[in-house]
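Peer 1: Whole structure, please, built from the sequences with the hints as guidance.
Protein chains in written order, with our numbering: chain A, 822 to 1157; chain B, 822 to 1157; chain C, 822 to 1157; chain D, 822 to 1157.
Hints listed in this document are in silico derivations from the structure and should not be mistaken for laboratory results.
The structure presented is a predicted model; accordingly, all values stated were derived computationally and were not measured.
Hints should not be assumed to be uniformly reliable.
Which copy is meant is left open, because identical chains are indistinguishable; a pair holds if it fits in one copy or across any two.
[Unchecked claim] No farther apart than 30 Å at their CA atoms in a straight line, the calculated lysine-lysine pairs in the BS3-like style are these:
1. Lys955 with Lys1017
2. Lys984 with Lys915
3. Lys909 with Lys984
Here is how the chains run, residue by residue.
4 protein chains.
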Amino acid sequence: MLNVGVIGTGMIGQDHIRRMTTVLSGVAVTAVSDVDSAIAADVGGRIGAAVHASGEDVVADPAVDAVLVCSWGPTHEQYVLAAIAAGKPVFCEKPLATTQEACLRIVEAETATGGRLVQVGYMRRFDFAYRQLKQALDAGDIGAPLMMHCAHRNASVPSFYQKEMAITDTAVHEIDMVRWMFGEEIAAARVLVPKKSRNGNDLQDPLLLILEMADGVIVDVELSVNIRYGYDIRGEIVGENGTAALGSLSPLEVRSSGRLSTPVPADWRERFLAAYDIEIQEWVHALAGGGRPLGPSAWDGYAAAVVSDAAVEALRTGERVAVTLPEKPKLYEVLG
Amino acid sequence: MLNVGVIGTGMIGQDHIRRMTTVLSGVAVTAVSDVDSAIAADVGGRIGAAVHASGEDVVADPAVDAVLVCSWGPTHEQYVLAAIAAGKPVFCEKPLATTQEACLRIVEAETATGGRLVQVGYMRRFDFAYRQLKQALDAGDIGAPLMMHCAHRNASVPSFYQKEMAITDTAVHEIDMVRWMFGEEIAAARVLVPKKSRNGNDLQDPLLLILEMADGVIVDVELSVNIRYGYDIRGEIVGENGTAALGSLSPLEVRSSGRLSTPVPADWRERFLAAYDIEIQEWVHALAGGGRPLGPSAWDGYAAAVVSDAAVEALRTGERVAVTLPEKPKLYEVLG
Amino acid sequence: MLNVGVIGTGMIGQDHIRRMTTVLSGVAVTAVSDVDSAIAADVGGRIGAAVHASGEDVVADPAVDAVLVCSWGPTHEQYVLAAIAAGKPVFCEKPLATTQEACLRIVEAETATGGRLVQVGYMRRFDFAYRQLKQALDAGDIGAPLMMHCAHRNASVPSFYQKEMAITDTAVHEIDMVRWMFGEEIAAARVLVPKKSRNGNDLQDPLLLILEMADGVIVDVELSVNIRYGYDIRGEIVGENGTAALGSLSPLEVRSSGRLSTPVPADWRERFLAAYDIEIQEWVHALAGGGRPLGPSAWDGYAAAVVSDAAVEALRTGERVAVTLPEKPKLYEVLG
Amino acid sequence: MLNVGVIGTGMIGQDHIRRMTTVLSGVAVTAVSDVDSAIAADVGGRIGAAVHASGEDVVADPAVDAVLVCSWGPTHEQYVLAAIAAGKPVFCEKPLATTQEACLRIVEAETATGGRLVQVGYMRRFDFAYRQLKQALDAGDIGAPLMMHCAHRNASVPSFYQKEMAITDTAVHEIDMVRWMFGEEIAAARVLVPKKSRNGNDLQDPLLLILEMADGVIVDVELSVNIRYGYDIRGEIVGENGTAALGSLSPLEVRSSGRLSTPVPADWRERFLAAYDIEIQEWVHALAGGGRPLGPSAWDGYAAAVVSDAAVEALRTGERVAVTLPEKPKLYEVLG
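Peer 2: Right under this line is the structure:
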């Protein structure tokens, strides 16, 4: 049984706690904390976990084997660094930190320990369909990859959603996914700005993000965050001899009123719920008996931040912006 | 240019005339007749065709190379026999005749001439999708056929539609299709009667027709004639190693309001319009320069009548009814 | 934490033990037994469970809250009755018992206790796609159901598979599923025998099973157990105004070599793995804190046995065989 | 009967002659010419058409009502101008002329006559699926269009195919299609260059063409001309509230060897054959009785040339290239 301490018991933290206490195997939540101590007390009380005054106390709790960070983004760095300092595995919800500099500090701290401790919450790598896609690609079914077409569509976004968030909150999933899919870093970003949807009032929506991988593969990502009809994640890899794409995944076909219809997910929960479960279950299994995490690393969190910054600048300037990363530490050379 | 005389200028006759005068190549309509002489005069006048007092006069007209019979079913026999007597090719809309005895008389009259003159209007054999299906079957892609699942669905039928018509008017298309698809006669029929739809008032709808081919292949045909959502023709052949089915054929995919939808045809015109065009065009091309028809033969029309009678009896009695056909004349041994 | 004792540690038992120890939440396996005591010792040893000499000892173990029966079919009755006698909830893999008389004895024993204790392992009710299908049906999207078309296809079956097993082992899943889907008992069965596949040597395969529900809905089930291409479960409900069907569920679309392909599952594990997980997880959750099972009941196991016997007789005789059930005890009136 | 003179009896000319003599209604080929007089004599002889020494003679032939130009591209201008001078309708295969200046001369010559005489062979506008797509867009099913994703894939191209031809020969179909689809001119072009496929040897393939419509709609077009698996034309319009896309159009679904497959067309003939038939048939019907052509106009041919030139420059420079068109003459204001 892996004993996990959860820092941050807001919406996402509570969802992970629900997952670890009622869905997954081999894991217990033994300690919690939150900036709002009343919430922490309430959530912790319901599951019989220790309630601590700070995230650092959660890390320090001897009844905590591993830490899960779901607090407000700007606090991620301090808690992840605390866990590294304590030599405890830490799962950090995305983003790893809110600046690329902070991400780099985490990379350096982890590298200094000589082994992986950090995993970042990019859950697409755990989605059944993306894994099938990668498997088809790696099996050579379509030859070497040359391009990828993606779409990331949300039915709607809240009113506080700003246009940069289409990069930092929305496209960041594709940014991580393509790095993992192709095993290549992203070399440049560019953002094209189409006619504006009236669904988002002042928001510039949609956008067309274009990423160049280090080996020349080009990825285009349609970002539409107020498209009303549902949540739709699409991806098609164009290879030398064919293409491989995410399928329809539809469990139901209804023929009525002049058409054949299949349902589209309403939101990301419906589409990626299973991926979240698998993500945390695999993390728990990997850590069982003192193992190391195998999922997205601190380097992946850092690289996502650097690419995201470049894409935001590309959106601001209208120009192609090159991405420059330092040499990848040996620790991260193994794919994970 | 093939000069065609059309007997019967009602809805179907006018549609064939439109086809031969504005869609197809190498054909002209030179004479018409109808039981309602005013309609014949009107239709003939518009296209500059001779208007005759009787179908026999159309057959006899020296400016008529071939005859197309679209008159009321009970008159088919006399006009087809007249064409055979005159040695002129005749295309007869289904049914070939309204009794199996009448069909047999036509078979005998044609057989006596020593060559094929008659083609019957079973147009599914000319449908692109059914042809692809047969091609996949014949290529051995799925191994030997063992079963076939069919559905024949109409959005609605007129109030004069009686339950036997589900066999004689609706299922008769599948009856001909499976004989052609498998190159086998039908050996027995059975009809199961499910719970009744309230859409058809007193009509027993749907039905489940089960046909046994001579070699043991079993075909089930769902007949639903008031299913509201559209016109839908389905067919899946189950072979030893796989299955082959009619595809979705959808030219359009719309994502809106929470679903991915493809349109379903409203009626048979939309689904089979091209098949009607090809049916008549191939007939015209086959007859060009004195050739013989290659499409569904008088024997096919006769066999359909015999099976149809058996299925109607099966519907009446609830029992399995065997189908008995005389030996097929040599004239019809060549598939066509 | 629900402590479960597992009777029978063969292939299925081991799979359930793996599920309860490494996949599911809130459950531990505390005791095991098997007719082969060496296997029991091995399996129990690996997970630290008590190893008992008999299933009755597992039931009697005070460290066992609930029992899971995965032993050889003919022994199900005695272990289920033992659990009922001990007042412990028992999950029994299908079949509930190997004769309808034995099933009825279980029903009577459970009924005498005044509350549900037994759940039977019909896992299709827990499949995401079937649940969506039932939801669409219950929502009235297609009007009242009139027919259902099913196919149950296996790539291959072992050489000991006999033709009756197409009913008792294969179709039994559809038998349970349609009772649940329509909330109606099955009133009659009939089996049609098509041309035989050469893939199964002497085995009569495929079969066409036809079930009549008490309210007249007709269900046809194609049973093909050596169809080579993969494992394929199909289902389409025909309603008054439309149809609802299991979707394609495909996570991947590959375009290569002249075609667009989606993968078909290789076997039932791939197709229904998640349903097994959900089945046991929901059972565990339902029992937590002393609750009652909500899944397929002893009555469902009994009804499946009665229908299965009727279908086997229908296969033997070629006739329609009516199904007669006694009045359903009040205990089972609530759906579950 | 429309009497057509065909200038150029090479592969495409012969195909159109076959179409007009054996497929379409209301048209006859009465005169031909070719730079290779032997071919002209052979083709003309077979169909009983007059064989002329020059295209100008075809135009001048009083037995010619309308002219169809299928000669070598650089000769298009002179024959189209000759037809305009003679006041005869002329259908010109694409390109209208090989330079935008030549196209403009044709526009000016036609405009001077005060009525439309010229139609250019952009046949996608006649494709059933594109028409359904436009109908869904115009019906407002998805709200205002914001983006369009296209792919134009060929299994292979001949060795003489140069990278500019990906624009001038391949993408030109999309260039015309989006102008028609959105009823807007193209304002700018840009070409991104992904990793190169090894299937095309030295050829830079694929390319990603990006077009900006005058109202801000952005269109991306993947151009892959050696993708081996088949000919595949894709298009999805992203609207404010949903998307509309070309459907799968598949007539056949085969389940075998572990997958569900639908066939992909081998080449453009298979995909667009019907569109060619409809294109010429509608032209024939429009001209019947002295009518004007309604299909793609000389202005469309000119605009395609201007955009094509801009895209070629964009490919050469790597930059965004703006497209500037003079004011559209009133003659072309009506959509057609």
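Peer 1: Are there hints from earlier that the structure breaks, and if so, what are their numbers?
Peer 2: 3
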